[in-house]
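S.K.: Turn these sequences into a full structure, and let the hints guide you.
In order, the protein sequence lines correspond to chains A and B. According to numbering that gives the first Met the number 0, the first sequence is numbered sequentially starting from 0. According to numbering that gives the first Met the number 0, the second sequence is numbered sequentially starting from 0.
Derived from the structure by calculation, the hints contain no laboratory data. Please note: incorrect hints may appear among the correct ones.
Label-pair restraints from in silico Cβ distances [to be verified]:
no. : chain 1 : residue 1 : chain 2 : residue 2 : range
1   : B       : Y113      : A       : L41       : 36 to 46 Å
2   : A       : E159      : B       : Y113      : 40 to 50 Å
3   : A       : V163      : B       : F184      : 54 to 64 Å
Sample of chain B residues with no beta-carbon within 12 Å of chain A, all distances over it, derived [as the list claims (entries may be wrong)]:
no. : residue
4   : I91
5   : M134
6   : Q257
7   : T271
Predicted model only: the values in this text are computed from it and were never measured. Don't be surprised by glycine CBs; every beta carbon is placed ideally from N, CA and C.
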Amino acid sequence: MTATVEETGSAPRRGARLAGYAGRAFLPIVVVAAILAVLPPLWFEDSPFTTSLAVKALVFASYGVGFNLIFGCTNQLFLCVGALAGVGGYSTAILSDRASLSIWAAIAVGTVSAAIIGGALSWIAVRRSLGIIFTGIVTLVFSLAFTNVLLGQRDLTGSETGLVLNEAAASLGDDRVGGYYLFAGVLVGCLLVFRVLQLSHVGWAFRGLRDDEMAAELAGVDVARYRIYAATVGSAMIGLTGALFAYSSGFISPDTYGFQNVDVRVLVLVAFGGLGTLLGPVIGAAVFAILDERLSASLELREVLYGVFVIAIFLGFRHGVVHAVVTLFNRLFARRRAKSTLQPSRE
Amino acid sequence: MKAVILDGIVLGLAFGLLGVGMTLVYGLGGVINLAYGQIVVVGAIVASLVIERGHSQALAAVVGVLAAAGVAVLLDLTLMRPVYRQHGDERILLGLLLTLGAAFVIGGLLVWRYPTGALFISILGEPISILGVPMAVGAVWASVIALAVGAALLLFFGATTFGRGVRSVIQDETGARLVGINPSFVRTVVFALSGALAGIVAITQSMNGPLDVNRGFELTTFALIVAVVGGLGSVAGAFLAGVLLGIVSTLSAHYIGQYITTVILLGVAALTILVRPRGLLGR
Numbered sequence: 000m001t002a003t004v005e006e007t008g009s010a011p012r013r014g015a016r017l018a019g020y021a022g023r024a025f026l027p028i029v030v031v032a033a034i035l036a037v038l039p040p041l042w043f044e045d046s047p048f049t050t051s052l053a054v055k056a057l058v059f060a061s062y063g064v065g066f067n068l069i070f071g072c073t074n075q076l077f078l079c080v081g082a083l084a085g086v087g088g089y090s091t092a093i094l095s096d097r098a099s100l101s102i103w104a105a106i107a108v109g110t111v112s113a114a115i116i117g118g119a120l121s122w123i124a125v126r127r128s129l130g131i132i133f134t135g136i137v138t139l140v141f142s143l144a145f146t147n148v149l150l151g152q153r154d155l156t157g158s159e160t161g162l163v164l165n166e167a168a169a170s171l172g173d174d175r176v177g178g179y180y181l182f183a184g185v186l187v188g189c190l191l192v193f194r195v196l197q198l199s200h201v202g203w204a205f206r207g208l209r210d211d212e213m214a215a216e217l218a219g220v221d222v223a224r225y226r227i228y229a230a231t232v233g234s235a236m237i238g239l240t241g242a243l244f245a246y247s248s249g250f251i252s253p254d255t256y257g258f259q260n261v262d263v264r265v266l267v268l269v270a271f272g273g274l275g276t277l278l279g280p281v282i283g284a285a286v287f288a289i290l291d292e293r294l295s296a297s298l299e300l301r302e303v304l305y306g307v308f309v310i311a312i313f314l315g316f317r318h319g320v321v322h323a324v325v326t327l328f329n330r331l332f333a334r335r336r337a338k339s340t341l342q343p344s345r346e
Numbered sequence: 000m001k002a003v004i005l006d007g008i009v010l011g012l013a014f015g016l017l018g019v020g021m022t023l024v025y026g027l028g029g030v031i032n033l034a035y036g037q038i039v040v041v042g043a044i045v046a047s048l049v050i051e052r053g054h055s056q057a058l059a060a061v062v063g064v065l066a067a068a069g070v071a072v073l074l075d076l077t078l079m080r081p082v083y084r085q086h087g088d089e090r091i092l093l094g095l096l097l098t099l100g101a102a103f104v105i106g107g108l109l110v111w112r113y114p115t116g117a118l119f120i121s122i123l124g125e126p127i128s129i130l131g132v133p134m135a136v137g138a139v140w141a142s143v144i145a146l147a148v149g150a151a152l153l154l155f156f157g158a159t160t161f162g163r164g165v166r167s168v169i170q171d172e173t174g175a176r177l178v179g180i181n182p183s184f185v186r187t188v189v190f191a192l193s194g195a196l197a198g199i200v201a202i203t204q205s206m207n208g209p210l211d212v213n214r215g216f217e218l219t220t221f222a223l224i225v226a227v228v229g230g231l232g233s234v235a236g237a238f239l240a241g242v243l244l245g246i247v248s249t250l251s252a253h254y255i256g257q258y259i260t261t262v263i264l265l266g267v268a269a270l271t272i273l274v275r276p277r278g279l280l281g282r
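M.R.: What follows is the structure in structure tokens.
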């Protein structure tokens, strides 16, 4: 950010510096996109099993980016990631099945409804000035109520047996390369939105209200409005991913979007990667996908390990494991770089 | 109708007992213990193991309660120490996340080691008739225990020196320290008390039906709802909210349907936070 603050140099040089800064800001996304693009041909083109693992990692990375925008950037503890994704997924499934809406229109409706619900939850939290704890409880309550409604409305949602989406295109299935590229595209899109928001005036407001809410409010930042922005955009990302996942996997059940299956995982992987950082969710999702595959034999031990991770992360690595590793790296090589490329926006 | 309301009161006393352990810990240090349900399950599994060895149910109940209290103390002495070093929102958030982690560790280990573990304490006897409605003996016992525990807690906080010390820490930590009360010791004792309450919940719940190893998360949720509606930190509030929620719950289960009941209870909790964040009897 120093480049834009300093008022030295002529206009063209400043322009060049700005362009250089923007380039550097988007470099991580380009790198991620490139890695995602070459991964299938190099690694798992013909293995449906590995592909579906990779798709799951991508889905969780996108959930993570949305959650990061809400919790990491504006301190709103939304414990309803699964429910928001479920709003997207179930609206898509029910609308395309019952109302015979075209699948893409249904996905759009699902995304918008998730965004509206997320925005509304944030609006309520801001209006009633709920602290972090009550925001957490209200969203957790929403999440559990949503699961119960899904279980109860048997004719509409199929309850535990779930819903099958018939219209899914085979080439975009979650075990095909087409599905992989679909979700890779979604993830890169989410990252771009996240970065653009960080670079704009919205990002300044986010950092202000994250560091000191009162000071930000006094400095003229409309904290309430930016919170609702973040929740709406983040929920839209989560809803879109949930809707596309429903379409791609061709089958959803309340478990697909359950609190214990989605929220805990998203929280762990975002915290692992580093709250509020651009690439934190991506790195977290990749690490946990590999971990999951290794531990697929024992679900219970995986749960134990998640618990240990949560405790260890929040006790020892408050800024994420990635941040800790980068700091260690910098110290070892005595290169006191002011900012690491992984976290260009958190001074 | 009379039977439904009586059932509601029985369920409500169980809810109240469940919520009181949660509410005490929050009132004291601002920590919402998300591992509470798992501590209940620890008590249940330990008690069931004692019964399996051929000992009496009474001994099993005592050992189960002690085990739950022990786990709670262990949590307090390890994970809660860094939490209490924080203040305000930081403390609440860290407490929430660390106990969530603990819930997963405890729950995962229990399900892994005892996948079919369950506690069922059977109390034989003819149904007891109350106001002309026959009630199962187990349910009556559970309610009597809940009432006794509630009365004992109110007495403890109202009439003993240590109880008043606890209340002083709830009101003002620094002030309590200035008059010679050690907040961290008080917290450990209250955590142990909350663990023992969780153990008692395990015993009373299993008098109505088997309490199995997977119930932890559900119990935490209900404890949280009761504590929130009653007012976080209020013992009498937890029991009042428990009884109200219990009656609402059985009425709606009887007249509307089972699945909508949970949604209604969750809705009541959300509404309480929005309309009256300090709960029924909260300060």
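S.K.: Which numbered hints does this structure break?
M.R.: 2, 4, 6, 7
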